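Residue 232 in this note's numbering sits at position 128 of the sequence shown, and the numbers go up by one each step.
Treat the hints as calculated values from the structure; they're not laboratory data.
Model, not experiment: these values are computed from the prediction.
Incorrect hints may appear among the rest.
[Stated by the list, open to error] Computed cross-link-like contacts, DSBU-like style, restricted to lysine-lysine with a CA-CA straight-line distance of at most 30 angstroms:
no.: 1; residue 1: 333; residue 2: 322
no.: 2; residue 1: 257; residue 2: 268
no.: 3; residue 1: 256; residue 2: 274
[Unchecked claim] Just the calculated beta-carbon pair ranges, DEER-fashion:
no.: 4; residue 1: 253; residue 2: 126; range: 47 to 57 angstroms
no.: 5; residue 1: 274; residue 2: 235; range: 25 to 35 angstroms
no.: 6; residue 1: 171; residue 2: 268; range: 53 to 63 angstroms
All residues carry an ideal CB built from backbone N, CA and C; glycine is no exception.
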Amino acid sequence: MNTDQAFDLLKDAGLTESSSIQIVRRWLSEGRIKYEGGNVNREKGFTVADTDLAFDLLKDAGIPENNRINTVRRWLVEGRIKYDVQNVGNYGSVIDEKPSKLPINELPDQNKDVIIHRLKLKIQAQDTHLEGMEELHETSKKKLIQQREMYKKEVVMLRNENSKLQNEAKDLLTENIELRNELMKVKQNQTDRNHSVPTARSDDYSKKLGLSKKATVKEVLAGYKGLLKITHPDHNGNAKVFHYIKTDYDNFRNGNNG
């Protein structure tokens, strides 16, 4: 671990910048860390060798025990600690220090107490980690349940909307059929009326227009066109009168083709 990594570690543990600088200087003078000022490609961030070393560094930095446990737990979750259960005897703070190869029953009593204490801290940290994972699992479970309920409501809303659209489509279809039937009736009535009306003579049309009985076809057509222009709805005319005159006009024109 170099000075930059040690500084990152202390800052991540919650120490101020000035405190972190002082501790890094002390560790550097004690040989606990390395100075790599000339290596511009040095490794970024930090990864502690094991939980023992993490506890040692945090304790040596003056961080309270509860905070040490929480920090170690977080580092374990974030993968910043390479947890090695076989390395429980490594209770030194120097990065390059190797664990003792002596069996635990052959270590001095003081060392045994230290190892036991560290094992308890590890167990406590693991328990805390498990509790955190369980809490995270419950939180995720609740979120998934909420999302499921939300999706169910959206499905119900979409089904209701689809049903509403289907009903509207049925209503439009029914209305369209009714309008079509009504139009067919109107056309049939118009046809029947045209067939029932006897063919009028040319002098009848001339009389309606106030023309002489000897008026020519062109004169009668011109008279009708004048009336149609005056009564046309686009010129604020009466639609019923226009329709009546238009019917006469059509009948007269059809009867005088050729």
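Cross-check of the supplied hints:
For the given pair, residue 333 sits about 16 angstroms from residue 322 by alpha-carbon distance, which is consistent with the 30 angstroms threshold. At roughly 16 angstroms between alpha-carbon atoms, residue 257 and residue 268 fall within 30 angstroms of each other, so this suggested pair holds. The hinted pair formed by residue 256 and residue 274 meets the criterion: a straight-line CA distance of about 27 angstroms does not exceed 30 angstroms. In this structure the supplied range 47 to 57 angstroms holds for residue 253 paired with residue 126, their Cβ-Cβ distance being about 54 angstroms.
Remark: the range hint 25 to 35 angstroms for residue 274 to residue 235 is contradicted by a beta-carbon distance near 58 angstroms. Judged by the Cβ atoms, the range 53 to 63 angstroms given for residue 171 and residue 268 holds: they are separated by roughly 59 angstroms.
Hint compliance for this structure: hint 5 alone is broken.
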